[in-house]
Amino acid sequence: MNILALFIIIPILTIIGILCTKDHVGTRLVSAIGMGLQLITSIVLIFMFYAERNAGNHADMLFMVDYMWFQSLNIHYLVGVDGISVAMIALTSVVSFAGVFASWEVKDLPREFFISLIVLATGVFGFFISLDLFTMFLFYEVAVIPMYLLIGLWGSGPKEYSAMKLTLMLMGGSALLLVGLFGIYFNSAPNGGQLTFNIMEISKITIPMEAQRFFFPFTFIGFGILGALFPFHTWSPDGHASAPTAVSMLHAGVLMKLGGYGCFRVAMFLMPGAAHELAWIFIILTAISVVYGAFGAIWQKDLKYINAYSSVSHCGLVLFALLMMNETAMDGAIIQMISHGLMTALFFALIGMIYGRTHTRMINEMGGLMKVMPFLAVCYVIAGLASLGLPGLSGFVAEMTIFVGAFQHPDTFHRVVTILACSSIVVTAVYILRVVGVLLFGPIRNEEFNSLTDAKWFEKVSTITLIASVAFIGIVPIWLSDLIRMSLKPILDQLSSF
Amino acid sequence: MNLDQFLIMRHELLLIGVVLLVLIAELFIKSDKKHHVIPIALILFLLYTIVGFLPAKTGVLFGGMYQTSELVILFKNILNVAVFIILLQSASWLRKDINHERISEFYIILLSSLIGMNFMISAGDFLMFYLGLETATIPLTALAAFDKYKNKSAEAGIKFILSSALSSGILLFGLSILYGTTGSIYFTEVAEKLVASPLLVLGFIFFVSGMSFKISLVPFHFWTADVYEGAPVNVTSFLSVVSKGAAAFIFMVILFTVFKSLSNMWGDVLYLLSILTMTIGNLFAMRQKNMKRFLAFSSIAQAGFILLGIMGASELGMTSVVYFVLVYVFSNLAAFGVVSVISDKTGLESMDDYNGMYRTNPKLSLIMMLALFSLAGIPPVAGFFGKFFLFTSAASKGYYWLVLIAVLNATVSLYYYLLVVKAMFINKNDAPIAKFKSTFTDRLALIICVAGIFAIGFASPIYELIRKLSFGL
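Going down the list, the sequences are from chains A and B.
The opening residue of the first sequence carries number 1 in our numbering; numbering runs sequentially from there.
The opening residue of the second sequence carries number 1 in our numbering; numbering runs sequentially from there.
It should be emphasised that the hints constitute simulated quantities derived from the structure, not laboratory data.
Hints may contain errors.
[What the hints assert, rightly or not] Pulled a few chain A residues facing chain B out of the computed Cβ check, cut under 10 Å:
#, residue
1, Phe70
2, Ile75
3, Tyr148
4, Tyr185
[Stated by the list, open to error] Listed next, with one range per pair, are the computed distances between beta-carbon atoms:
#, chain 1, residue 1, chain 2, residue 2, range
5, B, Ile205, A, Ala5, 50 to 56 Å
6, B, Gly398, A, Ile284, 29 to 35 Å
7, A, Ala51, B, Asn77, 36 to 42 Å
For glycine and all other residues, C-beta sits at the position ideal for the given N, C-alpha and C.
Next comes chain A alone, as it looks inside the complex (with noise of 0.2 Å):
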């Protein structure tokens, strides 16, 4: 069998065991188990592809399997990796199986919490491994969906609020994707013959002109809405304030990864010719999303209003150096996907534990927590170093690539823009450095706060799974690089020959 299927029957396999437990033991205990085959699953997926590279193979796509849908209609469900999208799997198991630890004691409806936490995984595992665009669509949906309920019924604050917010726009941006999909659609054959939805068939064929440039728009706005683009960003820092612990972990972490990811693979590798276009537009439009999301992150006093906004900055981050469009930029936008998914999940999974002990976020109503909580407080004083960018972990690699790559063009306009992108790196430090004094040093402002207790088992597991992928990413970059690099090419070439 092929291994790709594991991700789409292990967690519907998981689900069925759960539905067969009787209290929420059994059930965390069956989602623990899922989680952690799909991870060991990607793991021996990384070294599958590798085996295949090492032996020769230099197919763009790797395992591809290709089963006829609707055969008048000439959908597939067509399946198959790159390095990138392997990286982006590996991302997506280590995040899921870390948020099922975070919400190791959830107890109102748990067997119903963690059903829709894997269907959202599943739709995430199945986007990233999809290259027919009508299976990524319903991927797409499948993954939005779930989330209205798990803030809604799980969350804290405005939870009703924030749930319909989010939904209501991530469904908005797939309204405008779901026209660039047509539009790609009735396009793909425009010399006769069979209309495809097939990706790589597609990237062979240019599209005419006039349809890239009214349905590159689309598309890429539509992507760019689930990766934050300014100024479709709003629903992020509602949603990721409201929504439980793990969910603003897959969230933050792998949801908005498809955003970025959706950009590049449909939009810019099958319409090159507007990217070039109208890039600039965009380009203008990210560099708002970077600084904008670091100076929010300043004036926020709640944590994860704090952490969202600086998700809205480090995703059009993202989005920033794939429209730089060369090699070092592009491979440091995968990089940063992925340092920031780690790291944000971390962050989130942080203040969840925080949040469970001091029942507050505010950072002027907590202080000195490194006193109670030394292993938490040391993991938070990691992460934060992490996403300013510190040698050593992945947050500077990302960055350090994006702009480099950035400034290779040598022309005015993307120069001021880098530039100015950079500044979010001092902001970025401000706030972060801002966060950690108060919260963990200094005085201890609340009594009741001395009687708290340091991270449980459950917690520990979860926290060093995602630094143990940090620091692995920031002192071997060039694994991961390499696993990019090689699947960059494709792209790049279709984007070089405009």
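With chain A's structure known, arrange chain B on it following the hints.
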């Protein structure tokens, strides 16, 4: 009448047989045991439904007045399945004491209406079409007023008869102008002699308006919400699924065959009607608190989506419309099934009453959620595929802006479907609807619907079958 003719008309003739048998059964059952009619009627109808699926002849009868093709037979079968589900859902309502004397009445009236629909979609000329339409509509009036002891139901009956009389008048006027300009009422002959003269265009517009009443397209939708709210739940589901589906089908067939040379003109008309219907249906649905009114407006909006498929004016378009109706049958009947079960057991029909229902009746809430997701077009349930193909059909003709408006409308519709989900799952309630056990027939109906919602989307052979039987301009 020889065997060949019988085989060609077997749906209608067998159905008449079922009605007569129910009538005979009614005569021989003692007055205190009238509820025995229910299983008899169910079994007879089930047998008829199964026989309908057996392959048999197609052809033309009565000099072209009556015609049937594989696609028409398939569509009749879809309607039969829908009616069977509705009969299952109505069983426990009919068992109530208040309906004791009127059980067989219900079956006879409902099935007579179905006979009319069968004749209508088999029509080969405008006379048969009109006769079928009226045979389908008049019994429906009696059904809408079935709860005659309730003011609202009686009001629904009156509203329905008045508005359908008006729309039939308009339709008939349009048809007579068509006859006047072309000199024929046969579909094939009218299509040949059609010339876009001003008088004919006028007739065409009257025809479209009349049909819009029947399918309840905006701005001809005003009767819908009141009638749907006043009629008993099961009648409402019949109106919104079977009646609307059949009318939409014959509307599409007539546009594709008779008016094919006017396709540019009706393309523009439908463009406008579909935008109005989707948008206004959605805007009104948002504000409804009564579940029946809510589903009424949501089904108005769904009719707007169906128009998108018709606008494709191709095999693809016809396939997507038939396929969507099939999906819509199961999704909408699942939603109506839950509403009907709850209204039977508790008499509650307001959205606020559903608050916190998941904690007491998890299965019903889950079915409701699936049904609503399917109506909203969320994968992996069948509604997603249905909507996707409708949009594909419109996009294939280059109506990209219309598709955008439609998909945004689908997002808006998701908002109000999520309001129900929110009520059931998220809202807190001190006294939610108490836990109850539903009857066997109710459960069977809901299981069929859920199986349909899940299976039809993934089962591409069904789609391909419809595609094989469809035709374009």
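Tested hints:
| no. | hint | verdict |
| --- | --- | --- |
| 1 | Phe70 | holds, 5 Å |
| 2 | Ile75 | holds, 8 Å |
| 3 | Tyr148 | holds, 6 Å |
| 4 | Tyr185 | holds, 8 Å |
| 5 | Ile205(B) / Ala5(A): 50 to 56 Å | holds, 55 Å |
| 6 | Gly398(B) / Ile284(A): 29 to 35 Å | holds, 31 Å |
| 7 | Ala51(A) / Asn77(B): 36 to 42 Å | violated, 53 Å |
In summary, the structure is inconsistent with hint 7 from the numbered list given earlier, while agreeing with all the others.
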